[in-house]
Amino acid sequence: DAGVIQSPRHEVTEMGQEVTLRCKPISGHDYLFWYRQTMMRGLELLIYFNNNVPIDDSGMPEDRFSAKMPNASFSTLKIQPSEPRDSAVYFCASSLEGPSYEQYFGPGTRLTVT
Amino acid sequence: KQEVTQIPAALSVPEGENLVLNCSFTDSAIYNLQWFRQDPGKGLTSLLLIQSSQREQTSGRLNASLDKSSGRSTLYIAASQPGDSATYLCAVYTSGTYKYIFGTGTRLKVLA
Chain Z
-5 DAGVIQSPRH EVTEMGQEVT LRCKPISGHD YLFWYRQTMM RGLELLIYFN
45 NNVPIDDSGM PEDRFSAKMP NASFSTLKIQ PSEPRDSAVY FCASSLEGPS
95 YEQYFGPGTR LTVT
Chain F
103 KQEVTQIPAA LSVPEGENLV LNCSFTDSAI YNLQWFRQDP GKGLTSLLLI
153 QSSQREQTSG RLNASLDKSS GRSTLYIAAS QPGDSATYLC AVYTSGTYKY
203 IFGTGTRLKV LA
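Going line by line, the protein sequences match chains Z and F.
Using my numbering, the final residue of the first sequence is 108, and nothing's skipped along the way.
Using my numbering, the final residue of the second sequence is 214, and nothing's skipped along the way.
Because the hints were derived from the structure by calculation, they are not lab data.
Any given hint could be a false lead.
[As the list claims (entries may be wrong)] Sample of chain F residues lacking proximity to chain Z, with all beta carbon distances greater than 10 Å (derived): (1) Pro116; (2) Asn134; (3) Gly143; (4) Leu151; (5) Glu158; (6) Tyr178; (7) Arg209; (8) Val212.
[To be verified] Covered by chain F, according to a simulated footprint, are these stretches of chain Z (three or more residues, beta-carbon under 8 Å): (9) 25 to 39; (10) 74 to 80.
Since the structure is predicted, the reported quantities are computational estimates derived from the model, not experimental observations.
A virtual CB, placed ideally from N, CA and C, is assigned to each residue, including glycine.
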C-alpha cells in the first residue's frame, strides 16, 4: 500500500487567498484525521471523519477552516481566507479501527502564508 | 484538561548507549498511549501502542512502559544507533476527550 498520500507537499500563498489541502487515506481505513503542527502549539487534532461523516470538529480553529470527505478515498481541508497565523504543517492520518487505535500519518503539507 | 509533558526536550547520546525517554500526563483516566517517531520533514510513525490495561509493550529494541497511577510512561531504547535519531512523541487518548493529546516531543540525536 502507498500509505496516506497528501498534496501538495509545500504551499506558499499570500494572505487572503484560498488554500486547499488534499488527502487520500489508506484503502479500507474508515477513519480519517486532520492535524496541525506548529512550534507553539505542537500537534493538534482539527477534525476527524468516520465513514466520510465528520464526527468531531471541535479542533477547527474558526469558520475560515472547513473540511470535507466526499468519498472514502478523498478528503480536503480548506482555508478561506488564509492568514499568516495559519502557517503550519498539516497532517492527514487514517485508521482502521478507530480514533483510539493506531493511526497512520501522511508526510504532511507545509503551508506558508505571507 | 489532559496535559502531556516530555522531558528532556532534546537529548544527545553516543552510539550504543541505552536510553530512556519520559512522558508524563495529568489525567490518569487514559484509554491508550502511543509512542511515535517523527523524522524531519516527514509524518509520524507509530512505534508502540499501550492499552490502559497493559503495563508495557515491546518491539525489537524498543520497550514502552505505562504507570497510570503516577501518570508516567517511558520509552526505553536499547543499544541506540544513529538511525534512531528523530523526534519521539508520546500521545495520550483520554476517556473524556476522545482524541489523542500529544506531547511536544524529545529530539534525540545518536552520535556515531
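Practice task
Sort out which numbered hints this structure fails and list those numbers smallest first.
Solution key: Result: hints 2, 3, 4, 10 break, sorted rising.
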